[in-house]
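**Q** If you want the building blocks of each chain, they are given just below.
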Amino acid sequence: MRATDTTEQPGVPAPRTPETDAFLNDLLTNQPIMFGPDPEIMNEHRIRPRSEREEAALTAITDETELTIAQSRVEAIIESAKDMLQQISAAPAAKWGDLSVGVYSRDGDLSLCTSSGVNIFSAAASPVPKFINRYWADEPTVGVREGDVFYHNDSHYGGAHNPDHTLLLPLYRDGEHIAWVGVVVHEGENGAIDPGGFAPRATDPYGEGLRIPPMKIGEDYTLRRDVVNMFQNHVRDPLMWLIDIRSKLAAARDVERRLHDFMRERSPELLIATLRTVLENTEAEVHRRLAQWPDGIYRAVHFGDCTLLEERLYKIAVEFEKRGERLVMRTHGTAPAIDRAMNGQAHAMKSLVGNEFMNFLFADLPRNAGFVSAIDFELEPGSMLTATREHPTSLSMLSGFYLNTTVHTALTKALFSNPGVTEVIAPWYAMLPTLQYGGITQHLQLTANISVEINAMGGGAHRDRDGEHAAAPFFATLADWGETEDRETELPLLCLWRHIPPDNHGFGKHRGGASVEWAYALWGSQIFAFMVTSTGARFPVTGGLFGGYGGGCNPLTIVKPEGGAGALREWLANGAPGLTYDAASMLADRPLAGEYEVTNPSRPAAPIPEGEIWIQRIGGGGGYGDPLERDPQAVMTDLRRGLISPEVARNVYRITWDEERAELDAAATESARDDERTARLARGKSYDEFVAEWRREQPPEGVPFLGSWDWPADEGS
Amino acid sequence: MSARVRMTEYLEIDLESERWRCAVCEHAIGPAREDYKRGLLLYDRDPRDIYPARIDGELSFAPDPRWCRIVEFYCPGCGTQVETEYLPPGHPLTHDIEIDVDALKAQHAAHAAEPGGEGE
Ligand SMILES: [Zn+2]
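Respectively, the protein sequence lines represent chains A and B.
Position 384 (the first sequence) corresponds to 384 in the working numbering; numbering is contiguous.
Position 15 (the second sequence) corresponds to 15 in the working numbering; numbering is contiguous.
Simulated from the structure, these hints should not be mistaken for lab results.
C-beta: ideal position from N, C-alpha, C; glycine also.
Keep in mind that the hints are not guaranteed to be accurate.
Stretch-level coverage of chain A by chain B, calculated; a stretch enters the list once three of its residues show a Cβ under 8 Å from a Cβ in chain B [as the list claims (entries may be wrong)]:
| no. | region |
| --- | --- |
| 1 | 110 to 120 |
| 2 | 700 to 708 |
Derived pair list, reagent style SDA-like, types lysine to any residue, alpha-carbon separation capped at 20 Å [said to hold, decoys possible]:
| no. | chain 1 | residue 1 | chain 2 | residue 2 |
| --- | --- | --- | --- | --- |
| 3 | B | Lys105 | B | Ala23 |
| 4 | B | Lys105 | A | Gln526 |
| 5 | A | Lys685 | B | Asp44 |
| 6 | A | Lys216 | A | Val227 |
| 7 | B | Lys105 | B | Asp44 |
| 8 | A | Lys560 | A | Trp571 |
| 9 | A | Lys685 | B | Pro92 |
| 10 | B | Lys105 | B | Arg19 |
| 11 | A | Lys685 | B | Cys78 |
| 12 | A | Lys216 | A | Trp136 |
| 13 | A | Lys685 | B | His95 |
| 14 | A | Lys685 | B | Glu58 |
| 15 | A | Lys560 | A | Tyr596 |
| 16 | A | Lys560 | A | Gln526 |
| 17 | B | Lys105 | A | Leu415 |
| 18 | A | Lys560 | A | Arg603 |
| 19 | A | Lys216 | A | Ile33 |
| 20 | B | Lys105 | B | Glu16 |
| 21 | A | Lys685 | B | Pro31 |
| 22 | A | Lys685 | B | Arg45 |
| 23 | A | Lys685 | B | Gly30 |
| 24 | B | Lys105 | A | Asp295 |
Given only the sequences and the hints, what does the whole structure look like? Please build it.
**A** The following block contains the structure:
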């Protein structure tokens, strides 16, 4: 009930008048304390409607061939700028492909983006120029003019996560703002509580280091040295920051110069019409292809097993409802947002869905914001995938990568009957068990970043063939995992091995691609920290598809040699007796005297003694189809190559072989497989009988769990 | 005449009878408007059967069976492993495919009527 008595009384607010309304309105709209992330921009995943300028340009350009040629030319411009940037960047991730160059519409929709880079950027990047357009263009103390240089890294304003830094230039022609040119690099180090860009110990965003909202850092193509200096003062790698702000500016200017050439030779109208057409065509084509899939509802769940500072299961659940040409994504049942850095923001999670379409489902289309624009999202608020600005998010990949796995699994089931151009493939490995570090190098330089073994993710098995080993990260399929020699030259590291251990992939009719185990010792520095921020010690990161199995488990192994670096040096000098190039065998055999520890692969940064060895596996891709259908000779080959253990050959693939001659016994294999099929029929239970035994009303005791656990009332009880 | 649509590696929908069928042995698994998993045989697999433990202890390079189980789904006709699901013990099973059968029939009919479509 509202109070109706308007008489002024002590403690009762004065009545509203037009004057007070005007005052309040001005206070609330024109006098903000600060310009935080704009919820409208952050929730806006659709491309903007056509502007008048775009309408006019589209009217002026009538020849579709011209648009196609122009698109290719812009793509060539950004690809070559990306190649150049990869060569001149200092960030380790950039050198091996974790970067992107793109051109946005004047309104801020990313319209053309390098296909060989990180496609997550294509959909997550648009809020940044949109923010600048809305808040800084008319702000007298900022403004947007030709030659301005803008910068950004705070993912609450856009982008995938804070280690990714975006540099933007507005593109002008004869005084008219035509478009935006953007360059994104995974730089890493941000001056957070932990070194290297990811901050597992941050329990709120204020521990995540430098948070740059979209801001102007230079005019007339000249960086403000005092602003750059302020950035450098915040971080552990001031040299990398200086080099890379400059190298991103150089790449953006290269694109700008060549787009100026293009507009001079052709016209600004052609560029505007091309950028618009690509966005609209991509969105329309996604809808057209979605219409081919059967209507229905497709679901998948997966579970992470570590929330950075403790072991807990957390659930990521997706549901896609596909009707006609529409696809709605829902995430109810997913774990809530928590005070750990693994929360994802909605816009970044949507862009991961865009990545799935760009890299796996419709990989033939140009990369841009049109993909995500074609999808409807009904994401549950308050979840680990829809974190607020007060949640830490630097490691949003820990929830986002599981989201990728569930999205991939559900959509592969949706499209199987009518795949069109899509290759049906089991889930890719998606997690980040890569070395992170910070400290003083052997060159007495302060540094902090990540090592790029993350790019060695094992590929999922294909419908018709095995997955590729140590292929690429699912978010940047042309990225590389770098050279050991480079790493050892730059950093105080001794690489003991990078080697594929047995059973490190999903088994199936077609097996997933395996991946490598890395082993690094600290070497040549006494002031250096190691860190790993991953999952998958108890619950596999990757599942299988259509009867295939997922990957195994990948704990972290730490060896502290007795006698430190000297003892390690001596052991190596003596030929490393007993060395097996495999953590599990090292743990079993202990060929080097010392302390051995096996733990979950999430350990915040701490200085370690020289000579300490950390060993960690990157995981393999999921398997496809019933393992009993795998060609027995292919199993023999896997066995001979050490990709699988004899136990797996026997117990999973059910092959029989002559161990001395390593020769398959085809007849015995066939009968062993028949026996296994018969055994399945004997041990398998009907659905209701199974559920009656299986069903628990809550998670098992001793297994902390985040997410829903809702059995339908009528199942098995 | 039978119009079948292959929905997964091992599952078809027979549009005529509106039933899920095994693509290997043609076993009729159940109504296409229901969860196909209800017509399969299920088994609670200890993950250490699949991934050999390489060392003693909880973190053995195999999944921890207290945290993770593999539910295997077999065709009751031929014993083919149609699906696997990785779940914490006792967690609800996933109704992963819920097909709009009427829309599928309409889509199939429209496709068959197209020039060059399969007029089965
Ligand atoms: Zn069958």
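**Q** Give a verdict on every hint.
**A** Now for the hints, and whether the structure bears them out:
Check result for the region 110 to 120 of chain A against chain B: violated, 0 residues qualifying (beta carbon to beta carbon below 8 Å, three or more required). Requiring three or more residues with a Cβ within less than 8 Å of a Cβ of chain B, the coverage given for the region 700 to 708 of chain A holds, as 4 such residues are present. Using a Cα cut-off of 20 Å, the hinted pair B:Lys105 and B:Ala23 holds, with the two alpha carbons roughly 19 Å apart. Annotation: proposed proximity of B:Lys105 to A:Gln526 is violated, straight-line Cα distance about 69 Å (limit 20 Å).
Restraint check for A:Lys685 and B:Asp44: satisfied, since their Cα atoms lie roughly 9 Å apart, inside the 20 Å limit. For a cut-off of 20 Å, the pair hint linking A:Lys216 to A:Val227 stands: about 9 Å separates their Cα positions. Restraint check for B:Lys105 and B:Asp44: not satisfied, since their Cα atoms lie roughly 35 Å apart, outside the 20 Å limit. For the proposed pair A:Lys560 and A:Trp571, the alpha carbon gap of about 13 Å is at most 20 Å, so the pair holds.
This hinted pair checks out: A:Lys685 and B:Pro92 have alpha carbons roughly 16 Å apart, not beyond 20 Å. Our distance criterion of 20 Å between C-alpha atoms is met by B:Lys105 and B:Arg19, whose separation comes to about 12 Å. For the hint pairing A:Lys685 with B:Cys78, the CA-to-CA distance comes to about 14 Å; that is within 20 Å, so the pair holds. A distance of roughly 9 Å separates the Cα atoms of A:Lys216 and A:Trp136; the hinted pair therefore holds under the 20 Å criterion.
Distance restraint check for A:Lys685 and B:His95: the Cα-Cα separation of roughly 18 Å lies within the 20 Å cut-off, and the hinted pair is therefore satisfied. Pair hint A:Lys685 plus B:Glu58 does not hold up; C-alpha atoms about 29 Å apart against a cutoff of 20 Å. Between A:Lys560 and A:Tyr596 the alpha-carbon distance is near 7 Å, which keeps this suggested pair within the 20 Å criterion. With a CA separation close to 15 Å, the supplied pair A:Lys560 and A:Gln526 stays within the 20 Å bound.
With a CA separation close to 16 Å, the supplied pair B:Lys105 and A:Leu415 stays within the 20 Å bound. A C-alpha spacing of about 16 Å is found between A:Lys560 and A:Arg603, which places the hinted pair at or below 20 Å, so the restraint holds. A hinted pair counts as satisfied when its Cα atoms are at most 20 Å apart, and A:Lys216 with A:Ile33 qualifies at roughly 19 Å. Distance restraint check for B:Lys105 and B:Glu16: the Cα-Cα separation of roughly 9 Å lies within the 20 Å cut-off, and the hinted pair is therefore satisfied.
A hinted pair counts as satisfied when its Cα atoms are at most 20 Å apart, and A:Lys685 with B:Pro31 qualifies at roughly 19 Å. For the hint linking A:Lys685 to B:Arg45, the alpha-carbon distance of about 12 Å falls within 20 Å, and the restraint holds. Simply put, A:Lys685 and B:Gly30 have alpha-carbon atoms about 16 Å apart, close enough for the 20 Å limit, and the pair holds. For the proposed pair B:Lys105 and A:Asp295, the alpha carbon gap of about 10 Å is at most 20 Å, so the pair holds.
When each numbered hint is compared with the structure, violations occur for hints 1, 4, 7, 14.
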